[in-house]
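Protein chains in written order, with my numbering: chain A, 38 to 357; chain B, 38 to 357.
Think of the hints as simulated: they come from the structure by calculation, not from any bench.
Worth double-checking, as some hints may not be accurate.
Because identical chains cannot be distinguished in the list, a pair is counted as satisfied if it fits within a single copy or across any two copies.
Said to hold, decoys possible - Listed below are the simulated EDC-like cross-link pairs for lysine to aspartate or glutamate, each with C-alpha atoms no more than 16 Å apart in a straight line:
# : residue 1 : residue 2
1 : K354      : E192
2 : K354      : D146
3 : K245      : E202
4 : K236      : D40
5 : K123      : D90
6 : K354      : D194
7 : K150      : E192
8 : K123      : E101
Fair warning: this is a prediction, and the values are worked out from it, not measured in the lab.
Number of protein chains: 2
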Amino acid sequence: MSDLPKEIKIVEEGPREGFQFEAGPIATARKIELIDALSTTGLKQIQIVSFVDPRRVPGMADAEDVVRGITPAEGVAYTGLWLNDKGFERALATQRLKVSGTITVGASDAFLKRNQNRTIKEQIASQHAITARYTQLGIPVTRGGMMAAFGCNFEGDIPVQRVVELVGEILAIAQANDVSLEYVSLADTMAWATPLAIKRVVGAVRDKYPDLELSLHLHDTRGLGLANAYAGLEMGVRRFDAAVAGLGGCPFAGHAGAAGNICTEDFVLMCEEMGVATGVDLDALIQCALLAEDIVGHPLPGAVMKGGALARLRAAKQAS
Amino acid sequence: MSDLPKEIKIVEEGPREGFQFEAGPIATARKIELIDALSTTGLKQIQIVSFVDPRRVPGMADAEDVVRGITPAEGVAYTGLWLNDKGFERALATQRLKVSGTITVGASDAFLKRNQNRTIKEQIASQHAITARYTQLGIPVTRGGMMAAFGCNFEGDIPVQRVVELVGEILAIAQANDVSLEYVSLADTMAWATPLAIKRVVGAVRDKYPDLELSLHLHDTRGLGLANAYAGLEMGVRRFDAAVAGLGGCPFAGHAGAAGNICTEDFVLMCEEMGVATGVDLDALIQCALLAEDIVGHPLPGAVMKGGALARLRAAKQAS
Chain A
38 MSDLPKEIKI VEEGPREGFQ FEAGPIATAR KIELIDALST TGLKQIQIVS
88 FVDPRRVPGM ADAEDVVRGI TPAEGVAYTG LWLNDKGFER ALATQRLKVS
138 GTITVGASDA FLKRNQNRTI KEQIASQHAI TARYTQLGIP VTRGGMMAAF
188 GCNFEGDIPV QRVVELVGEI LAIAQANDVS LEYVSLADTM AWATPLAIKR
238 VVGAVRDKYP DLELSLHLHD TRGLGLANAY AGLEMGVRRF DAAVAGLGGC
288 PFAGHAGAAG NICTEDFVLM CEEMGVATGV DLDALIQCAL LAEDIVGHPL
338 PGAVMKGGAL ARLRAAKQAS
Chain B
38 MSDLPKEIKI VEEGPREGFQ FEAGPIATAR KIELIDALST TGLKQIQIVS
88 FVDPRRVPGM ADAEDVVRGI TPAEGVAYTG LWLNDKGFER ALATQRLKVS
138 GTITVGASDA FLKRNQNRTI KEQIASQHAI TARYTQLGIP VTRGGMMAAF
188 GCNFEGDIPV QRVVELVGEI LAIAQANDVS LEYVSLADTM AWATPLAIKR
238 VVGAVRDKYP DLELSLHLHD TRGLGLANAY AGLEMGVRRF DAAVAGLGGC
288 PFAGHAGAAG NICTEDFVLM CEEMGVATGV DLDALIQCAL LAEDIVGHPL
338 PGAVMKGGAL ARLRAAKQAS
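Could you build the full structure based on these sequences and the hints that come with them?
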């Protein structure tokens with residue numbers, strides 16, 4: 038027994054994060070192959086594409102074809118990412134994705150300027166407008182999100198108080214539009230978090246909003262991803278984004294080492310070995326990670342697919 | 038402020054772990070180049086070679102030449118590793134190393150059988166004999182060490198109680214030979230530890246031996262190395278082994294992914310960003326990690342050397 042959560046939810050973002058980031062072209066059929074394989078692992082939500090400008094992100098130009106090509110599995114929600122109206126309309130037009138709105142803010146003016154050409158205030162204003170529009174269209178708005186919540190390559194440290202205030206802005210936008218959010222996601226977009234920072238920021242948000250469920254989106258650019266996720270578990274966080282094999286990264290984060298999210302299978306091993314249920318079949322997920330390496334054609338950061346699952350070694354020992 | 042230790046000691050093991058593990062031959066001069074570079078970073082102890090059978094570990098056949106070739110830096114202790122009398126005599130003969138004895142036990146019969154062809158009991162008996170011999174020769178015995186303290190690929194989970202008992206065996210050997218150990222190192226030789234296991238094992242040893250200083254030697258084979266190190270910091274552990282760039286691994290651990298220790302520069306970044314002083318110049322250490330990659334001729338696991346130090350980004354922001 039421990040004080041860690043009994044179970045958590047993982048949103049798989051490998052296909053979106055990964056295929057968006059890779060330099061070379063990847064065949065649509067192979068993207069579909071990975072998504073269909075991930076659908077059999079027990080993961081309940083998979084972000085499979087982003088609807089972004091194909092001139093800026095050529096790896097996602099085939100987003101519609103990918104969505105059309107998958108074989109949806111019972112009980113799995115497939116989602117896409119968009120950053121503007123055009124992307125939203127493309128997502129809606131597929132008629133195969135779980136489309137729900139996110140109220141997205143950013144904690145760094147400098148990052149927002151580069152990523153979306155807006156200030157923090159302009160971003161907040163835009164979210165009021167977009168939430169109203171979602172509501173008019175009957176699209177549920179279920180999630181808040183904050184980019185660069187732990188620091189920014191272009192702005193440096195982000196004051197904890199700013200994060201708390203921006204959570205308040207998200208909740209105010211939700212309230213003004215009469216929508217009820219399931220959770221708010223704090224993203225360490227540029228990998229500035231440490232375990233101690235996770236505890237401080239999550240703790241400060243909890244102090245102000247004790248009933249708000251939080252999610253963590255942790256990039257592993259400086260190697261601290263799983264340590265940060267563990268600190269999140271210690272704080273009782275029960276929702277995490279992750280990417281199979283450690284696929285991906287943000288192409289606009291401005292550094293060569295823009296590593297992806299925490300690696301899903303490494304995170305699943307850590308959780309399951311500590312008695313935190315993920316609902317994911319680790320062996321099946323490791324096969325997906327090996328498939329992902331085969332698809333991108335180069336080694337990916339995941340460790341467990343090379344080092345092996347412990348449950349397998351235990352079983353081999355018992356059989357011998 | 039936090040409850041983490043104010044400062045910690047890092048033993049750099051990259052040259053020994055790394056050059057022992059690499060498949061191809063590495064020029065002696067390049068090994069020396071890395072060791073001399075590490076000597077300028079603020080690291081106070083560097084394990085630079087192992088004195089092992091060159092037929093089993095050809096990468097260490099030039100151990101004496103490496104020791105002879107370095108330019109010792111003031112205040113830096115250089116050490117070597119040995120596993121038997123012959124290795125010990127080779128280390129002593131160099132006359133340039135800090136030679137001190139370790140009382141080494143292993144928590145897994147199956148691992149000891151493969152690694153040293155002994156049972157746990159035979160290993161304990163051998164340590165009584167070797168400690169007596171060190172003492173007769175006037176060699177200080179300063180350290181206890183336990184291999185496979187958190188689990189074993191060939192034996193599975195290791196009961197916490199066995200670890201506590203084996204720490205007792207180490208202390209009994211020390212007492213019987215009238216030597217006073219500085220600390221006992223618990224090694225996660227085959228990467229079975231989770232953060233929760235670190236807390237449980239360290240906690241159980243502390244309960245029984247509250248005044249005993251502990252050290253952690255954490256392999257990163259399953260990606261949990263830094264999360265485990267963070268759990269150690271939370272338990273107040275103040276000594277850690279690490280390997281620059283994540284060099285190395287144990288060639289006898291029996292799996293392809295035998296990754297090395299936690300990466301020194303990633304660990305230093307995590308510590309320094311949390312206010313835990315390491316005494317190490319991170320920028321200088323990153324240069325060493327890049328040098329290590331150049332020397333081995335392939336990418337190494339370290340993340341910060343690709344992702345960049347945060348202090349540098351803060352400074353760039355202030356200058357702009």
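Right, here's what the structure says about each hint:
For the identical chains of this complex, K354 and E192 are inter-copy neighbours only, at 6 Å across copies versus 52 Å inside a copy, given an alpha-carbon limit of 16 Å. Taking the shortest Cα distances, K354 and D146 sit within 16 Å of each other only across copies (13 Å), while inside one copy they are farther apart (55 Å). Taking the shortest alpha-carbon separations for K245 and E202, only the intra-copy value of 10 Å comes in at or below 16 Å, while the best inter-copy value is 46 Å. When the C-alpha separation of K236 and D40 is checked against a cutoff of 16 Å, the pair qualifies both within a copy, at 15 Å, and between copies, at 12 Å.
Taking the shortest alpha-carbon separations for K123 and D90, only the intra-copy value of 9 Å comes in at or below 16 Å, while the best inter-copy value is 66 Å. In the homo-oligomer, the alpha carbons of K354 and D194 lie at most 16 Å apart only across protomers (10 Å), although the nearest pairing inside one protomer, at 48 Å, exceeds that limit. With identical chains, the CA atoms of K150 and E192 are at most 16 Å apart within one copy only, with a shortest distance of 11 Å there and 54 Å across copies. For the homomeric pair K123 and E101, the shortest alpha-carbon distance inside one copy (13 Å) is at most 16 Å, but the shortest distance between copies (67 Å) is not.
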